[in-house]
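Numbering-wise (our numbering), the sequence shown opens with residue 1 and increments by one.
It should be emphasised that the hints constitute simulated quantities derived from the structure, not laboratory data.
Treat the hints with caution; some may be incorrect.
Claimed, not checked - Computed cross-link-like contacts, DMTMM-like style, restricted to lysine to aspartate or glutamate with a CA-CA straight-line distance of at most 25 angstroms:
1) Lys48 / Asp33
2) Lys48 / Asp23
3) Lys48 / Asp102
4) Lys48 / Asp125
Note that the structure is predicted; figures quoted are calculated from it, not measured.
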Amino acid sequence: MGQNSTQVAYGFGQFGSTFLSGDGAILDLTGADARYYICAITMVSETKFGGSGLGILDAGQGLGMGNTHFASNEDTQTLDTDWGAATNAGDNDSDLIVLDADGTAFPAGMNLYGMYDYVELHSGDVICYVAPRPDYISRSGSNS
Numbered sequence: 001m002g003q004n005s006t007q008v009a010y011g012f013g014q015f016g017s018t019f020l021s022g023d024g025a026i027l028d029l030t031g032a033d034a035r036y037y038i039c040a041i042t043m044v045s046e047t048k049f050g051g052s053g054l055g056i057l058d059a060g061q062g063l064g065m066g067n068t069h070f071a072s073n074e075d076t077q078t079l080d081t082d083w084g085a086a087t088n089a090g091d092n093d094s095d096l097i098v099l100d101a102d103g104t105a106f107p108a109g110m111n112l113y114g115m116y117d118y119v120e121l122h123s124g125d126v127i128c129y130v131a132p133r134p135d136y137i138s139r140s141g142s143n144s
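Take the sequences, apply the hints, and build the full model.
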C-alpha cells in the first residue's frame with residue numbers, strides 16, 4: 001500500500017525532471033504562473049553553466065520559509081553571520097562563485113541542491129528535478 005508523503009516525493013524526485021543538454025539549453029521557471037522550482041541538478045557529464053547561469057528562486061525574496069537564507073544582490077553578503085558562523089568582517093561579495101562559461105566545471109555524477117527558477121548551460125548535460133513552490137496553491141488561482 002502506498003504512502004502519501006510529500007517528504008518521500010521530494011527525496012526521490014517524484015515531482016518530475018527535465019533533461020538539458022549543451023550550450024544554450026535553458027529551463028526557465030521565472031514566469032508569474034510557474035508553480036514549480038528546481039530543487040536538484042544532477043550532472044550527467046562535466047557541466048559549465050553559462051549565460052545567466054543559475055537563478056535563485058525569486059532572488060531569495062519573500063518565500064515565507066523559516067530558517068532559510070539565500071544569496072542576494074545586497075552589498076555585503078550575510079550568509080555566514082545569519083547562521084551564527086564565524087566569518088570575515090566586512091564586504092565578502094568576492095566569496096560568491098559566478099557560474100558563467102569561464103567559471104567552475106562541475107564533474108559528472110555531482111548533485112547540486114537548492115531552490116532555483118532558472119538554469120542555463122554553457123556545456124554538458126544535466127537532469128533538473130522540480131518540486132512545488134512554497135506558494136504553489138496561490139499561483140495561477142489553483143485550488144489543488
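The hints, checked one at a time:
1. Lys48 / Asp33: violated (28 angstroms)
2. Lys48 / Asp23: Measuring from Cα to Cα gives roughly 9 angstroms; hence the hint holds.
3. Lys48 / Asp102: Given that 25 angstroms is the threshold and the Cα spacing comes to 8 angstroms, the pair holds.
4. Lys48 / Asp125: holds (9 angstroms)
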